[in-house]
Amino acid sequence: MSPFGTQKGGDVREKGRERFIRNVPRTKGYVAFAFVLALLLAVTGCAGQAAQPGGGSEETPTLTVIGPWSGDEEKQFRPVLEEAEKELGIKINYQSQRAEDLQNVLPAQFSAKKTPGDVIFVSSSWLVTSNAQHLEDLRNIWTEPEKFRLSAVEADGKIVGVPYALVVKPGFWYRKSFFENNGLEPPKSWDDFRNLLAKIRGISGVKNPIASGDGVGWPLSDVVEHFLITFGGPQLQLDLIDNKVNWQDPKVKEIFSERIVPLLQDKSFSDPKEWTNAVDLWWNGEYGLFFMGNWITGMVKDPNDLGVFPLPDAKGIVGGTDYIIVPAYGAHKDEAKKLVEFLISKKGMEIRAKQGGKLSSRTDTPTDIYPPADRAVAEAIQGMEILPDLDDTIGGKWQNTFWDRLKLLWVKPGDLDTVLKTLDDARE
Amino acid sequence: MIHKANDDGPLPGEGQRGYLLPRSFVSKLSPEREPFWFAVPALLLIFVAVVLPSASTLVLAFQGPNHEFVGLANFRDVLTDPETLNLSRFPGHSPPWGALIHNALWILIHLPASVGLGLLLALLFREVPGNQILRLFVYLGMILPMVIGGVLIRFLFDENAGILNGALELLGRSDLVRTWTAYPETALFALILGSVWLWVGFPLVLFSSGLTTIPRELYEAADIDGAGTWAKFRHITLPGLAPVTSVVVAMTILWELKIFDIVYVATQGGPGGASLVLALQMYFAAFRALDTPHASAIATILTLLALLVGIRFVRTAKGA
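So the sequence lines, in the order shown, correspond to chains V and Y.
According to the working numbering, numbering within the first sequence proceeds without interruption in unit steps and concludes at 428.
According to the working numbering, numbering within the second sequence proceeds without interruption in unit steps and concludes at 320.
Hints may contain errors.
[Claimed, not checked] Just so you have them, the derived chain V footprint on chain Y, three or more residues with Cβ under 8 Å:
| hint | stretch |
| --- | --- |
| 1 | 156-163 |
| 2 | 169-177 |
| 3 | 182-191 |
| 4 | 270-280 |
[Claimed, not checked] Pair ranges (Cβ atoms, derived):
| hint | chain 1 | residue 1 | chain 2 | residue 2 | range |
| --- | --- | --- | --- | --- | --- |
| 5 | Y | P82 | V | G414 | 46 to 52 Å |
| 6 | V | G414 | Y | A231 | 51 to 57 Å |
| 7 | Y | D175 | V | A198 | 20 to 26 Å |
| 8 | V | E146 | Y | A55 | 53 to 59 Å |
| 9 | Y | R173 | V | E180 | 35 to 41 Å |
| 10 | Y | L254 | V | K91 | 44 to 50 Å |
| 11 | V | G157 | Y | F47 | 56 to 62 Å |
Just so you know, the hints here were simulated from the structure itself, not pulled from any lab data.
All C-beta atoms in this analysis are idealised placements derived from N, C-alpha and C, irrespective of residue type, glycine included.
Please construct the entire structure, taking both the sequences and the accompanying hints into account.
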């Protein structure tokens, strides 16, 4: 028996179906074929359109803005975009993409003369310069360089990237309540600092005096750069970036062997651990200090409980930014440039600064507009030289090598010579 | 039986085909060529997405930075690079030993561990009531995206959150507590062990289904002959599972050769290159150093290794 009825019944249905098929007009086959083809074209067409920025009507163009911020950081950035939409009469489609992903995506997209966004924030100046031929010249926007704490990125005779909000790595963060409860005070000298670490080590429940952030690797490089700038001076940082001083230079080696390695050997620093996890552990009192950029003010439950100190006698600190670029392949390049102009304007920068988590890169932004925790940072860095981030500026594979070797140094401080030699070899 | 289309309309079976495609086109198709036309879209896709990029990579592997022909220079550079092969440290010192050796170690440790454990669990679960639920729990590791797997491995061996360190503390060995993925001596082995947990579901499921294909009568006959458990396992179970085993071994080796995501997320190949593997080395060469010839040479080596396994697998499968 057929599962669909009796054999006889099945034959009848089969004959009926044959008749039906025979009666289908021949044109119907073409219609179906054309429909399938049209559907395929529509789907691929839509996909292509979605991949290209610059949609919207002629009156209100939609700009795709790509930045690395999501979650709370995105919330802090949204008000700026909303104000830009009002002021410029545009619509903005904001997409969040990690800086690491952009490093992979942008070169491939640009090679195909395409861009995923009209305005893109890139954290590494190296990535900007290495793609300079694909970027618009922003010289007409960069008219007041003296009003900025950081320089624009210049390549191929063009201004290809302009600095947005400033992040600084001001030093070691602590909880004011933790310090008060344990009778601790920020250090005023190197000996004070060592004594502070010894006191923190003695506090019940503390695993290590300093939490070491890790993950991709950059948190360790920030710590090392702070030591290099403090004990070698701001010029050493610049010379290392320009490859004028090598890593096995006695001056550099001395900073490592006399300042960093002893702290690693006596376990003042914890093992490297995923940095967002490290924030929680430090906040919960398992560690006393945590070296991080000022964006940490947006990551803790009570920013007013935050205190920060640089290493005593530090003359400079690392300041980083996300450089704004306008790719040459967007559909709304003029509107994109106007948006960039607004973002780095006094008004645009002040809106961002008010949200906290980042500082204005402009020198004419008053400090009283910041939330308290950020205001403290803004005041603390006044008079200090703001220096470019070493590994972000050098970039490329060397950056990965730097991060990776520091992870090794953190658990094998005795391997210092090998680590420094590898850094020199990789630079060559 | 071969039907021919005629002017009166399609014969049974041809109707559905003629309904979607222009009938005049369908009528021109000879039955012998028909399967080919059905395969055309898939073949086109494979050509565009696999064959062309592979050929392009192969060509790049023999070119210099300016697309000039350099012969085997890129392969020589890759194979003499300590990142690939560091015989000065192997085996006397702790890693890094080079990505090639790390991949080989991955196969040497992970393959017997995951295949053996999968077989053992399949045998144990065979007679257990509700074994499907047990299998599901073990298979969860396979369902997880490997990126999540990498994050979990990182936490598994973390000083503060890790279950391994928790167990060590319970056993009174707090002196051994550390972040295992942060140390060069242990990072690679921690990843390999963690990946056994992620992969063991695959051999378990295949061996479980393989066991159901072995006729029960063979075991009953062996019982009558007085065969012991080991004898039954050796002379009935193992030969009965041979075809499945060849699939499991081949797929596991291929997985181990192309391992990337777990390492990328958990250690980035560190510390100090101690857990670097070929696929990650290729990624760094391509997207960090922007050195496509070097990356292409690594990709070609990786493909050749995978091909060796694949060919061996096909031959074994044919034999089975």
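Against the structure, the hints:
{"no.": "1", "hint": "156-163", "in the structure": "holds (count 4)"}
{"no.": "2", "hint": "169-177", "in the structure": "violated (count 0)"}
{"no.": "3", "hint": "182-191", "in the structure": "holds (count 3)"}
{"no.": "4", "hint": "270-280", "in the structure": "holds (count 5)"}
{"no.": "5", "hint": "P82(Y) <-> G414(V): 46 to 52 Å", "in the structure": "violated (20 Å)"}
{"no.": "6", "hint": "G414(V) <-> A231(Y): 51 to 57 Å", "in the structure": "holds (55 Å)"}
{"no.": "7", "hint": "D175(Y) <-> A198(V): 20 to 26 Å", "in the structure": "holds (22 Å)"}
{"no.": "8", "hint": "E146(V) <-> A55(Y): 53 to 59 Å", "in the structure": "holds (54 Å)"}
{"no.": "9", "hint": "R173(Y) <-> E180(V): 35 to 41 Å", "in the structure": "holds (37 Å)"}
{"no.": "10", "hint": "L254(Y) <-> K91(V): 44 to 50 Å", "in the structure": "holds (47 Å)"}
{"no.": "11", "hint": "G157(V) <-> F47(Y): 56 to 62 Å", "in the structure": "violated (43 Å)"}
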